[in-house]
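Chains as they are written, first to last, in our numbering: chain W, 1 to 101; chain G, 102 to 202.
Don't read these hints as lab results, they were simulated from the structure.
Do not take every clue at face value.
DMTMM-like, lysine to aspartate or glutamate: derived pairs with alpha carbons at most 20 Å apart [stated by the list, open to error]:
#1 K60/W / D7/W
#2 K161/G / D108/G
#3 K161/G / D7/W
#4 K60/W / D108/G
To be clear about the criterion: a stretch of chain G counts as covered by chain W if any three or more of its residues have a C-beta under 8 Å from a C-beta of chain W, and this derived list gives those stretches [as the list claims (entries may be wrong)]:
#5 107-114
#6 123-136
Take a look, some chain G residues computed to stay more than 12 Å from chain W by CB distance [to be verified]:
#7 V174
#8 I177
#9 T181
#10 I184
#11 Y188
#12 Y189
No residue lacks a Cβ here, since even glycine has one placed at the ideal position from N, Cα and C.
As a plain string of letters, each chain reads:
There are 2 protein chains.
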Amino acid sequence: MSNIAIDIIGYIGAFFISVAFLPQTIKLIKTKNTKGLSLISYSIYQIGLTSFIIYASLIKNIPLLAANAFGTVINIILLTLIIYNLYYNNKDKNNNLTSKK
Amino acid sequence: MSNIAIDIIGYIGAFFISVAFLPQTIKLIKTKNTKGLSLISYSIYQIGLTSFIIYASLIKNIPLLAANAFGTVINIILLTLIIYNLYYNNKDKNNNLTSKK
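All chains should be built: construct the whole structure from the sequences, respecting the hints.
Next up, the structure:
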């Protein structure tokens, strides 16, 4: 298989990995529902993304670098929204599940 | 930087990317709450993981292959649980939010 074909597969992967959590971010903005989301998961995911950014730079792999760099942008937004909704926006508690009052 | 050191960074990235969504899976098993989760995100993520598995095999990059292969195992479990809870397990609807009866 030609190098160009291989790179194209890499860029396809990079595209899907980059935009994967955009729908999750949009859903969180709409629903403000963090109940089902795991802050730990997205934090571990960020460590992985960061390690791969360093690794991709060292091995000079552009598809991998692109995937993890764009993935980081969306993941940071998602992490910020989860933390915001968990700690600052009590509205999430009021309009969610039976209230504990 | 030595190749071994670069590979180690790659394997660190692979480890964190692989286990990233384990806490999310465990949280879903415990809470059965799929309200906040985006099925679309985890589906797109799977397309990305699959593309990168093919890409990593073609460029013979083990850390990348490992990250996406293990990541796939957990993502398939998570997708199955989300679909199961969304379509088969009505209990999620009963013990969640005000009932619509």
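* Y189/G and chain W, when compared Cβ to Cβ, separated by more than 12 Å -> holds, 17 Å
* **Three-residue Cβ test at 8 Å for the coverage of the stretch 107-114 of chain G by chain W** => It holds: at least three residues are needed, and the stretch 107-114 of chain G offers 5 whose Cβ sits within less than 8 Å of chain W.
* **No chain W beta carbon within 12 Å of T181/G's** => Per Cβ check, T181/G is outside 12 Å of chain W; nearest 16 Å; holds.
* Proposed proximity, D108/G with K161/G (alpha carbon, max 20 Å) -> holds, 13 Å
* K60/W and D7/W: Cα distance at most 20 Å? -> Holds, at roughly 13 Å.
* Taking the minimum C-beta separation from Y188/G to chain W, is that value above 12 Å? -> holds, 16 Å
* Going straight from one Cα to the other, do K60/W and D108/G come out at no more than 20 Å? -> holds, 13 Å
* Asked: Beyond 12 Å from every Cβ of chain W: is that where the Cβ of V174/G lies?
  -> holds, 15 Å
* Asked: If you draw a straight line from the CA of K161/G to the CA of D7/W, is it 20 Å or shorter?
  -> It holds: about 13 Å lies between the C-alpha atoms, which stays within 20 Å.
* To do: Go check the stretch 123-136 of chain G versus chain W for me, would you? Three or more residues, Cβ under 8 Å, otherwise it fails.
  => With 10 residues closer than 8 Å to chain W, the stretch 123-136 of chain G meets the three-residue bar; holds.
* To do: Examine each Cβ of chain W, and state whether all of them lie more than 12 Å from the Cβ of I184/G.
  => holds, 14 Å
* To do: Just double-check I177/G for me: nearest Cβ-Cβ distance to chain W has to come out over 12 Å.
  => holds, 14 Å
Going down the numbered hints, you'll see the structure goes against none, and every one checks out.
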